[in-house]
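Since each chain comes alone in its own frame, lean on the hints to assemble the complex.
Sequence lines, in order, name chains W and G.
To convert, take the position in the first sequence, counting from 1, and add 1; that gives the numbering used here.
To convert, take the position in the second sequence, counting from 1, and add 69; that gives the numbering used here.
I should point out that these hints are in silico values taken from the structure, not numbers from a laboratory.
Don't take every hint at face value.
[Claimed, not checked] Quick partial rundown of chain W residues pointing at chain G, CB under 10 angstroms, derived from the structure: (1) 20; (2) 28; (3) 72; (4) 74; (5) 158.
[Said to hold, decoys possible] Which chain W residues stay away from chain G? Per the calculated CB distances, all over 12 angstroms, these: (6) 4; (7) 12; (8) 21; (9) 22; (10) 64; (11) 94; (12) 106; (13) 108; (14) 154.
[Unchecked claim] These stretches of chain W come out as covered by chain G in the derived footprint (C-beta under 8 angstroms, 3 or more residues): (15) 31 to 37; (16) 51 to 62.
We put the CB at the ideal spot given by N, CA and C, even for glycine.
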Amino acid sequence: MSLQPLFQWIEGTELAVAINNSTYAFALIESVHLVALAVIGGAVLVVDLRMFGLGFKNQPVAAVATAARPWLIGSLLLILLTGYLLFSSLAAGKYYWNIAYWWKMYFLLAAIVYTFTVRQPFALRRAANASVGVTKLVAGVSIFLWLGVAVMGRAIGFI
Amino acid sequence: MSFVGLLQVIEDSAFSTGLRESVYMWACVDGVHVLGLCIFLGMLLFWELRLFNVGLRSASVSETWDRLSPWITAGFVVMVISGLLLFVSEPVRFWGNIFFRVKLVALVLAGLNALAFHYSIGKRLVDWDARPLPQTAHLVGVASITLWVLIVFCGRLIAYNWFAPLV
Numbered sequence: 002m003s004l005q006p007l008f009q010w011i012e013g014t015e016l017a018v019a020i021n022n023s024t025y026a027f028a029l030i031e032s033v034h035l036v037a038l039a040v041i042g043g044a045v046l047v048v049d050l051r052m053f054g055l056g057f058k059n060q061p062v063a064a065v066a067t068a069a070r071p072w073l074i075g076s077l078l079l080i081l082l083t084g085y086l087l088f089s090s091l092a093a094g095k096y097y098w099n100i101a102y103w104w105k106m107y108f109l110l111a112a113i114v115y116t117f118t119v120r121q122p123f124a125l126r127r128a129a130n131a132s133v134g135v136t137k138l139v140a141g142v143s144i145f146l147w148l149g150v151a152v153m154g155r156a157i158g159f160i
Numbered sequence: 070m071s072f073v074g075l076l077q078v079i080e081d082s083a084f085s086t087g088l089r090e091s092v093y094m095w096a097c098v099d100g101v102h103v104l105g106l107c108i109f110l111g112m113l114l115f116w117e118l119r120l121f122n123v124g125l126r127s128a129s130v131s132e133t134w135d136r137l138s139p140w141i142t143a144g145f146v147v148m149v150i151s152g153l154l155l156f157v158s159e160p161v162r163f164w165g166n167i168f169f170r171v172k173l174v175a176l177v178l179a180g181l182n183a184l185a186f187h188y189s190i191g192k193r194l195v196d197w198d199a200r201p202l203p204q205t206a207h208l209v210g211v212a213s214i215t216l217w218v219l220i221v222f223c224g225r226l227i228a229y230n231w232f233a234p235l236v
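Same shape as in the complex, but just chain G (with noise of 0.2 angstroms):
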């Protein structure tokens, strides 16, 4: 079976048809998506400063991530759970949508930054509470700043069908 065949098995499923048709329950979904974006980004953004010494100072760096990192993965996990929800109800128009298409590369871009992030600078934060974060801190902070933007924007943009489907 192709992929988009799977995709239509998915959406002709009880569950994402029920999902798809409900009156509440999706307006309900995305409404938590947005929210969960509230906290994730949100919050993101004020870890994102320390790194650039804006913000809260009187907190260390490594402070601040022990801080806010809960609120940032609580976040996160709404989305993704809540965006998952979301995808199952309309698979074949969201892949076949070029701004989903672009949010799901910028998605695996802003994760292998954050990854190279803390599997680097990041992996021992305690070593930069006392000493300038490097000019890469810096880099890492406008790329995710820059994708997480770009995805907010692809988000809110799968709403419109402006190009022909893809599939």
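Just chain W, same shape as in the assembly (with noise of 0.2 angstroms):
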């Protein structure tokens, strides 16, 4: 089964119609879209750098985890939201078509259910008693996927 039709609709849509033909609209949000981005940036690697040994030494995993938990979810609601505005705009005569498009979609997907199914609960309950190695694996993950969403993100207005 393909997904176009279903692009196609999302494209039609008059919210997505909307974004298309202003002149600011996708400019605008793409910009929260951006600030979103960097918010997720800080929350994600605060924690997988103190897994790795870096920065916050003196206070437990969890302790940081819990402290960017927040921010981590407020900042995906965001950017979730935000890209689903830009992305409908043009669903079904750009990003269909674009391959960096796909593979950011398979790293996002990706890295949400990583995130929540396994960092997450790794960070807040494990890590005290975990192995240096596991941990450094567990946060070496998170943030190749994350990254991936970031360069492919990226990568889609070169394509």
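And the structure:
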């Protein structure tokens, strides 16, 4: 089954048409998307770097992860919302045909699933008793997946 | 030679032309600029939050700065280098873009704001480990975040030629 009809329907919704017809909407939503990216980058990195033994060395991983959690979830919701709006405006015309867009979505899906099923439970509960190697592995995979989302997202504009 | 004339000389140079017309290099520099933003602003946010006594409160103010400042600095250096390269690739167009000018002014203000903080309240951060930060620190935090969000917006909007070039 192809997702093309779904993408065409999304691009035809009133909201998507309005964004597409506006001179400023896409650029302004994109700017908010970028600010949210900075926040999510900080919220992810501050915990992953701690798991690498860098940054807040005197605080347990769980304490850093607890402090970062509301910012991670909040910025993720904001970035998903603005991301959907950007996507909707050109869903079938541009993004469906853009290979970087698909790679970004695969990375994003993997990053979200990994973050909330592996990395968050690990950082919040198990990191204190885990070995250094496992802790670094959990953090490294997290950075790799989120970096993939960012790089592929940037690549959309150049393909 | 006028300033714009100088920018034109830079733009006509082999280095600038090569960067501007490259298939991958410009995109890579731009990508690095955004990733630098992620590290710089993401970490700066956690520092500003600490000024408001939000976030990782189990770390003292001075410790928070000690832990975050290397990353904030590193992210900033990456952004300055990649940003200069992006500017050099198209200096005349950038200089003529209103958002670029606003971004420059906001960058100067953000720099002054940071200097003002670090040479007054922030001079001896350990002093504030035991007692709450003064109200002025909150003002600095609000100004900083506001300016940086403005800088991100302007940076993104430079890509659009909504207004007639200034030069």
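inquiry  = For a quick check of understanding: which of the numbered hints are violated here, in increasing order?
reply    = 1, 4, 10 and 14
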